[in-house]
Amino acid sequence: MALQWCYGGTTIQTLKLASIPSSSSSAICSRLTPSRTSPFLIKALSSSVQPLVHSTTTSTGSVVKSQWKAAIDFKSIVENKSAVAENLKNRNSSADLELVIELYERLLALQKEVEDLRFERNTVANKMKGKVEPSERQRLIEEGKNLKDKLVTLEEDLVKLTDALQREAQCIPNMTHPDAPIGGEDNSTIRKTVGTPRDFTFSIKDHVQIGKDLDLFDFDAAAEVSGSKFYYLKNEAVLLEMGLINWTLSEVMKKGFTPLTTPEIARSLVVEKCGFQPRGDNTQVYSIEGSDQCLIGTAEIPVGGIHMDSILADSSLPLKYVAFSHCFRTEAGAAGAATRGLYRVHQFSKVEMFILCRPEESNAYHEELIEIEEELFSKLGLHFKTLDMATEDLGAPAYRKYDIEAWMPGLGRYGEISSASNCTDYQSRRLGIRYRPESSASPPKDTKKNKGRNLSPPEFVHTLNATACAVPRMLVCLLENYQQEDGSVIIPEPLRPFMGGIEI
Amino acid sequence: MALQWCYGGTTIQTLKIASIPSTHLSAICSRLTPSRTSPFLIKALSSSVQPLVHSTTTNTTTSSVVKPQWKAAIDFKSIVENKSAVAENLKNRNSSADLELVIELYERLLALQKEVEDLRFERNTVANKMKGKVKPSERQRLIEEGKNLKDKLVTLEEDLVKLTDALQREAQCIPNMAHPDAPIGGEDNSTIRKTVGTPRDFTFSIKDHVQIGKELDLFDFDAAAEVSGSKFYYLKNEAVLLEMGLINWTLSEVMKKGFTPLTTPEIARSLVVEKCGFQPRGDNTQVYSIEGTDQCLIGTAEIPVGGIHMDSILADSSLPLKYVAFSHCFRTEAGAAGAATRGLYRVHQFSKVEMFILCRPEESDAYHEELIEIEEELFSKLGLHFKTLDMSTEDLGAPAYRKYDIEAWMPGLGRYGEISSASNCTDYQSRRLGIRYRPESSASPLKDTKKNKGRNLSPPEFVHTLNATACAVPRMLVCLLENYQQEDGSVIIPEPLRPFMGGIEVITPKLN
Numbered sequence: 005m006a007l008q009w010c011y012g013g014t015t016i017q018t019l020k021l022a023s024i025p026s027s028s029s030s031a032i033c034s035r036l037t038p039s040r041t042s043p044f045l046i047k048a049l050s051s052s053v054q055p056l057v058h059s060t061t062t063s064t065g066s067v068v069k070s071q072w073k074a075a076i077d078f079k080s081i082v083e084n085k086s087a088v089a090e091n092l093k094n095r096n097s098s099a100d101l102e103l104v105i106e107l108y109e110r111l112l113a114l115q116k117e118v119e120d121l122r123f124e125r126n127t128v129a130n131k132m133k134g135k136v137e138p139s140e141r142q143r144l145i146e147e148g149k150n151l152k153d154k155l156v157t158l159e160e161d162l163v164k165l166t167d168a169l170q171r172e173a174q175c176i177p178n179m180t181h182p183d184a185p186i187g188g189e190d191n192s193t194i195r196k197t198v199g200t201p202r203d204f205t206f207s208i209k210d211h212v213q214i215g216k217d218l219d220l221f222d223f224d225a226a227a228e229v230s231g232s233k234f235y236y237l238k239n240e241a242v243l244l245e246m247g248l249i250n251w252t253l254s255e256v257m258k259k260g261f262t263p264l265t266t267p268e269i270a271r272s273l274v275v276e277k278c279g280f281q282p283r284g285d286n287t288q289v290y291s292i293e294g295s296d297q298c299l300i301g302t303a304e305i306p307v308g309g310i311h312m313d314s315i316l317a318d319s320s321l322p323l324k325y326v327a328f329s330h331c332f333r334t335e336a337g338a339a340g341a342a343t344r345g346l347y348r349v350h351q352f353s354k355v356e357m358f359i360l361c362r363p364e365e366s367n368a369y370h371e372e373l374i375e376i377e378e379e380l381f382s383k384l385g386l387h388f389k390t391l392d393m394a395t396e397d398l399g400a401p402a403y404r405k406y407d408i409e410a411w412m413p414g415l416g417r418y419g420e421i422s423s424a425s426n427c428t429d430y431q432s433r434r435l436g437i438r439y440r441p442e443s444s445a446s447p448p449k450d451t452k453k454n455k456g457r458n459l460s461p462p463e464f465v466h467t468l469n470a471t472a473c474a475v476p477r478m479l480v481c482l483l484e485n486y487q488q489e490d491g492s493v494i495i496p497e498p499l500r501p502f503m504g505g506i507e508i
Numbered sequence: 274m275a276l277q278w279c280y281g282g283t284t285i286q287t288l289k290i291a292s293i294p295s296t297h298l299s300a301i302c303s304r305l306t307p308s309r310t311s312p313f314l315i316k317a318l319s320s321s322v323q324p325l326v327h328s329t330t331t332n333t334t335t336s337s338v339v340k341p342q343w344k345a346a347i348d349f350k351s352i353v354e355n356k357s358a359v360a361e362n363l364k365n366r367n368s369s370a371d372l373e374l375v376i377e378l379y380e381r382l383l384a385l386q387k388e389v390e391d392l393r394f395e396r397n398t399v400a401n402k403m404k405g406k407v408k409p410s411e412r413q414r415l416i417e418e419g420k421n422l423k424d425k426l427v428t429l430e431e432d433l434v435k436l437t438d439a440l441q442r443e444a445q446c447i448p449n450m451a452h453p454d455a456p457i458g459g460e461d462n463s464t465i466r467k468t469v470g471t472p473r474d475f476t477f478s479i480k481d482h483v484q485i486g487k488e489l490d491l492f493d494f495d496a497a498a499e500v501s502g503s504k505f506y507y508l509k510n511e512a513v514l515l516e517m518g519l520i521n522w523t524l525s526e527v528m529k530k531g532f533t534p535l536t537t538p539e540i541a542r543s544l545v546v547e548k549c550g551f552q553p554r555g556d557n558t559q560v561y562s563i564e565g566t567d568q569c570l571i572g573t574a575e576i577p578v579g580g581i582h583m584d585s586i587l588a589d590s591s592l593p594l595k596y597v598a599f600s601h602c603f604r605t606e607a608g609a610a611g612a613a614t615r616g617l618y619r620v621h622q623f624s625k626v627e628m629f630i631l632c633r634p635e636e637s638d639a640y641h642e643e644l645i646e647i648e649e650e651l652f653s654k655l656g657l658h659f660k661t662l663d664m665s666t667e668d669l670g671a672p673a674y675r676k677y678d679i680e681a682w683m684p685g686l687g688r689y690g691e692i693s694s695a696s697n698c699t700d701y702q703s704r705r706l707g708i709r710y711r712p713e714s715s716a717s718p719l720k721d722t723k724k725n726k727g728r729n730l731s732p733p734e735f736v737h738t739l740n741a742t743a744c745a746v747p748r749m750l751v752c753l754l755e756n757y758q759q760e761d762g763s764v765i766i767p768e769p770l771r772p773f774m775g776g777i778e779v780i781t782p783k784l785n
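Chains as they are written, first to last, in the numbering used here: chain A, 5 to 508; chain B, 274 to 785.
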């Protein structure tokens with residue numbers, strides 16, 4: 005990120021660098037007070053070496069409220085206040101910037117106080133080591149005790165303040181790509197359109213009807229067994245799901261992505277670090293009773309977690325994963341006809357692409373991901389448009405997001421089938437994923453021994469994620485688009501080899 | 274089940290027929306008192322027509338009176354009549370069900386029902402008297418008497434509810450009967466039904482699957498432990514292809530045998546989980562529950578598949594129903610620890626392909642054989658060495674009448690490990706899930722069964738359910754990796770799977 009710091013031009017990359025993550029408050033104090041550190045360390049502080057080297061235990065810190073700390077660059081927030089404020093406005097965010105800045109300034113002041121008190125206490129302690137008259141000794145002891153008590157109080161305040169600051173600051177969403185359209189849903193721009201809606205010469209059915217006629221789904225039994233918005237797939241629909249997954253995995257693997265299957269249960273800490281809210285009202289996340297675990301809503305979570313709290317070698321980047329998992333979403337608050345059938349369900353299979361890369365490369369990889377998606381859906385013969393999402397529709401982690409909406413004739417409208425986000429360093433600051441850029445000066449071999457000496461300071465990677473295939477939505481598209489007058493459905497060619505060659 | 278009732282010979286089928294399921298207490302009373310029913314209805318009672326005809330509305334699942342929230346259709350009469358056989362079964366299975374208590378509660382229930390009936394009769398008599406011409410003083414007395422009776426009735430009816438619930442609770446603990454050929458005793462008494470293949474002779478020192486996986490970059494347990502907890506894992510690279518290959522191949526092989534493929538929800542209401550014979554809320558439960566809801570994660574596709582036909586009466590012509598279902602399964606594995614559970618052998622989440630059959634009672638033994646043969650064929654084709662065990666009574670789960678387990682040779686572990694299990698649950702699950710069918714009566718083949726309920730139709734009977742693991746992916750991975758490892762560290766892929774894995778033949782170590 006140090007590179008971006010100096011980056012001129014109009015591109016405002018995320019300017020959040022460095023800071024707090026250790027869970028021990030005394031460590032916080034010593035590290036955040038610039039006046040006490042050498043010039044090298046100030047720079048190192050900005051680029052987050054020293055403190056973070058010790059902080060590999062952030063995920064287990066269980067002090068007060070926020071159980072973990074995102075490595076947020078407060079200095080940068082303060083220095084770029086107006087840009088941050090404008091971003092908040094564009095995103096319609098409820099984060100309280102003023103409060104964050106105020107808390108931060110109070111924190112700095114408090115830290116100074118604590119430092120001063122410590123200095124005094126050390127002075128007193130030192131005095132007592134020398135030869136001292138008994139009365140003087142007594143006075144010193146009392147003074148020492150006083151200082152210690154004050155310190156304890158202040159240190160407690162410091163913890164609370166730090167937590168409050170973290171809590172507020174974590175609400176601040178990622179910055180936004182300058183080319184992203186500003187405003188609400190209607191402001192999203194079309195990046196690309198592929199194909200045209202198919203002309204039907206007969207009256208068409210929606211996927212629910214098709215599924216009923218061809219005995220492909222069972223929603224009613226699922227409602228009894230599990231609840232609404234669950235389903236069984238039957239017969240050829242099972243083959244279609246397996247075919248879609250297998251074909252998608254193999255296509256994406258050809259492009260150099262490492263295939264993965266992931267756990268579908270994750271600790272809620274990890275879920276939060278990816279930018280989701282497991283415990284909020286209207287949460288999308290299912291929690292497991294009696295534990296701190298949740299069901300994942302997307303493979304983004306377990307994949308993001310693989311390299312949690314790690315420093316990656318520059319040579320290993322970019323890391324490109326394609327992960328298959330089942331996903332579970334509560335879909336709280338979603339209702340209505342548009343969510344009939346398979347469009348919005350609680351459980352579904354998904355193939356997700358995930359990239360970790362150097363910051364300067366993330367825009368390029370975002371383009372690569374969206375092109376892969378466009379290629380996949382074109383090969384399946386779908387008609388769709390790619391949207392550059394407007395600021396109000398960007399999730400908090402996303403710097404820029406492209407959604408693909410495909411034409412669903414049965415619904416009579418476009419429906420989202422995929423989403424590709426560049427999260428820059430929002431997730432990596434929370435997950436603690438960094439890398440050591442190759443410095444041209446000295447390529448170090450034994451990075452573990454020489455922490456913070458001759459090596460480039462570690463920087464946060466950028467993360468990107470993109471849906472390669474969300475099975476139910478794909479089923480809706482394929483069934484509705486490929487239906488024939490006689491009620492049958494043609495299977496797109498690319499999928500046939502994966503389905504034992506069946507054609508209809 | 275009426276057919277089994279008359280079935281002679283040494284085979285003791287489950288003799289639990291008929292009973293309670295309605296949530297209406299008055300209905301319970303009237304139906305369980307034999308003395309008030311005609312001879313036809315007594316027979317019908319035994320074969321569960323009349324009461325159950327009214328209970329096709331699925332109200333059993335929604336009653337929320339006291340403890341057991343649903344009622345299994347248990348045949349108490351039969352339990353009483355076959356007390357010694359049931360007691361012996363409990364002993365053989367080392368079950369903690371309290372048979373004496375069940376019988377005692379049942380007899381108290383019958384007595385209480387009689388009392389309630391009598392009281393009702395009296396109350397009706399009093400009510401009728403009041404309709405005629407009556408002197409005022411007499412009227413007053415009658416009113417008082419009526420009120421008395423009513424109060425008594427209310428108390429007795431409450432007792433009846435409690436008694437019924439207690440009876441249900443105790444009776445549900447009684448496990449299924451056991452097949453007479455099932456070996457009696459503990460683990461060591463299970464007999465070997467069949468052995469296929471022999472352990473492979475290795476000419477080099479072998480590794481276990483964890484080691485192989487590490488060297489070929491196939492798994493990641495450490496990252497999963499951070500993200501999710503112990504006993505979770507990521508599959509990487511060829512292991513992903515192997516999983517997809519196993520699932521696809523297994524599905525296609527079993528589909529060829531006439532099974533309908535399914536994918537299922539992995540979240541189910543805990544009611545359904547219980548009805549299948551699992552204990553979501555017990556200590557040491559295998560079941561994960563979802564916070565803030567009555568839902569759980571399934572431990573096997575048996576649960577959602579069993580639930581498809583819950584509270585239904587199937588047409589005889591639709592049987593047998595054969596499903597092959599793919600799902601992810603989640604198990605807490607509470608209480609399981611130790612070296613034998615290292616790596617993929619015992620995990621919290623895994624993919625499984627499960628076969629499930631619903632059939633007529635007289636056919637279940639035959640389908641049990643069919644299922645085990647399918648499994649044996651699948652594992653033979655993959656070239657595994659394994660033995661099929663006929664499980665002894667102490668190792669049968671409560672729902673199982675008979676169970677065959679397949680244990681495959683895992684050279685890395687140096688022992689046999691269970692890779693599959695096939696159970697015949699007879700009517701244990703169907704009595705709880707309420708799945709019945711109407712046998713074709715030779716007299717009159719009926720077209721419009723819905724109109725003529727309980728008239729000229731054969732009374733509905735409970736189906737039998739069977740389930741069998743076609744493929745439990747992690748255990749298969751252990752087997753394949755350990756058995757097919759080569760001296761150079763690579764792993765050969767069995768031929769049947771290759772077309773499903775894009776034709777790759779060998780997993781080789783990657784160059785760094």
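Any given hint could be a false lead.
[Claimed, not checked] Capping the alpha-carbon separation at 35 Å, the derived lysine-lysine pairs in DSBU-like fashion look like this:
id, chain 1, residue 1, chain 2, residue 2
1, B, LYS530, A, LYS209
2, A, LYS238, B, LYS595
3, A, LYS259, B, LYS595
4, A, LYS324, A, LYS389
FYI, nobody ran anything at the bench for these hints, they're computed from the structure.
For which of the previously enumerated hints does the structure constitute a violation, in increasing order of number?
Violated: hint 3 alone.
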